[in-house]
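Colleague: In case you want the letters, here they are:
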Amino acid sequence: MKYWRSHLGLLLPLLLISGMILWPVLTGNVSNREIVFTILKAIALASSLNILLGYTGYVSFGHIVFYGFGGYIGLYLVNEQGWSIWMGMLAGGISSGTLAFLLGKAILRLRGAYFALATIGINEAMEAFINNFDLFGGPIGMTLNFSVYRAYGGAAQALSMSFYIMAVLTFVAIIVSHLVRTSKFGLGLQAIRENEDAAEVMGVVAPNAKTWAYILSAIIPGMVGVLFFFKNGNVEPHVAFPLHSSIELLVMVMLGGQGTVLGPILGALVYQGMRGYLVTSNIFKDIQLSVSGVLLLLIVLFIPAGAIGWLRHRFSALRRVLA
Amino acid sequence: MQQISLLLASLPDGILLGFVYGVAAMGLTLIWGVMNVINLAHGPIIALGMFGTFFIFIRMGINPYLGLLLVAILGLIIGVLIYFLAVHRVINAPHLSSLLATFSVNMIIIGLGTAALTTSPYNVDFNVGSFRLGSTVILVTRLIAAGIAILFTGGLYLFLYKTRPGKFIRAVTNNRAAAELMGVPSTRILALSFGLGTMLAAVSGALIATFFPFSILSGTSYELKSFVIGVLGGLGNPIGALFGGLILGVLEGSITAFMETSWVPVIEFGLFVVILLVRPYGLFGAKK
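Which chain is which? The protein sequence lines are A and B, in order. Quick note: the first sequence uses this note's numbering, first residue 893, plus one each step. Quick note: the second sequence uses this note's numbering, first residue 81, plus one each step.
Just so you know, the hints here were simulated from the structure itself, not pulled from any lab data. Glycine included, every Cβ here is placed at the ideal spot set by N, Cα and C. Hints are not guaranteed to be accurate.
[What the hints assert, rightly or not] Where chain A lies over chain B, by a calculated footprint (3+ residues, C-beta under 8 Å):
#1 173-185
#2 191-204
#3 350-357
Based on the sequences and whatever the hints tell you, model everything.
Modeller: Dropping the structure here:
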């Protein structure tokens, strides 16, 4: 009983995501499936970012670099070396994790805005480098050879398979997020977020803990990158490292509530839903970016803890369920 | 030998551009120094400055250098407005809040700008001739722009060190709490600093527009350059930014003599990260 109570916070996220996955499966509608795929991708990326941003308190403005880097490596292996998508995703995840390990050793010494600036610099440097890297197709990028899909029963079959892989990745991201939050390791991270020096005095080995948080937050984005470029059939430098997507992820985490498991899920769902509405509405479609900007500003100024943080603060009875 | 002549040909251009980059970075680093806020709306403001030149010169027919004054005043006003609307409430909040608040301003300006001006490139066809200096051709627009950039730097220096509000700004930079205790009206000073920062951004944009084509989105690349320069010169050190700009300009001028232009950003951002790690207080800044 006690065991279940400590994992109560996972219940709502899992139900929410299961519902989202079942919707296109039950209706059998391909366009619904694409919508849910986009939302699941946002959830997986935002939840991963939340490990670094929400739990550890380090603002990464260039987190999309792991998505692009892992995606590039994975797609190269699948396309040019004939690896299967499974091995490609594994390789993408591992290479993003390795990149995070190497970067983390260097830049996690920086604090606050200096760290944020460094992550922007790394994202831009990586994009510029890939732009010049002939093995990965330089500025043109890589286009997936269509025969690759044949191993999975044709393009249509591969697309539907991608959806289920994405669903699994999202579940993994959520469970990792929850495990980190409830573990002793996560407690150390949250101590670092509140006061890094005090955390070190209390025995948290901050450099190691931060590096592990960085690695954990990088692996899933790398795998998602491989899957997305595999599904899309091509990859280009400016599609793989869009700085504004990094910031959209920050917005999602902020919107839902940083440092919670449910927050990034809710934030990603609401943000994607809102964007979908704004882009298609007649009144807002030209200024959808401005409308998003105004909303973001209002959230930052008036509810900085995000929706879940606000609810937890106002209604303490909800704290056990909304983790 | 061929590379030496290429270098000689591209270096003066790089140096002249460096001064203008320096002005943009000066605005960024002034804001950072005074209130520890990285202004992510810097790029769109630069772009607005570019359009300022476009409308003043093409539509109204006023000489762009005269129009610069108008751009500067508008930049100051917009900056003060942005401060009170977006920054003031989060000035003491964690960095994430101020980063996102200024980024939301970025989104608002880009969104409205895209709707009103589209993202297709504009060009200000402004030519005041060129002359030969040894083996290189120097465009007079760039020479004047560099001159104006130096003028603005000098003006900022005089303002910060010789006038009362300037001294207030330096006092708030040093220690806001202590400055408040000494009777410095800190809110007004913060708003003024933010206004000055955006004014410098708008001015640099207005100058860049006289020699490069631009769109509402082109501010972003200059914003990123400003980050690099700011870190080179030491974040929070406005005068150091001019030297940072010169270094970047020289780099851009000289790299192209040895490698393809597309490698320039790799080296710029690589350098940026390395300097952040090794000397986060800048090449000229003193260790705090």
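Colleague: Each hint: holds or not?
Modeller: Against the structure, the hints come out as follows:
Beta-carbon proximity to chain A at under 8 Å applies to 11 residues in the segment 173-185 of chain B; the threshold of 3 is reached and the given coverage holds. Three residues within the 8 Å Cβ limit are the bar, and the segment 191-204 of chain B against chain A gives 4, so the coverage statement holds. Counting residues of the segment 350-357 of chain B whose beta carbon lies closer than 8 Å to any beta carbon of chain A gives 5, which meets the minimum of three for the stated coverage.
When each numbered hint is compared with the structure, no violation occurs for any of them.
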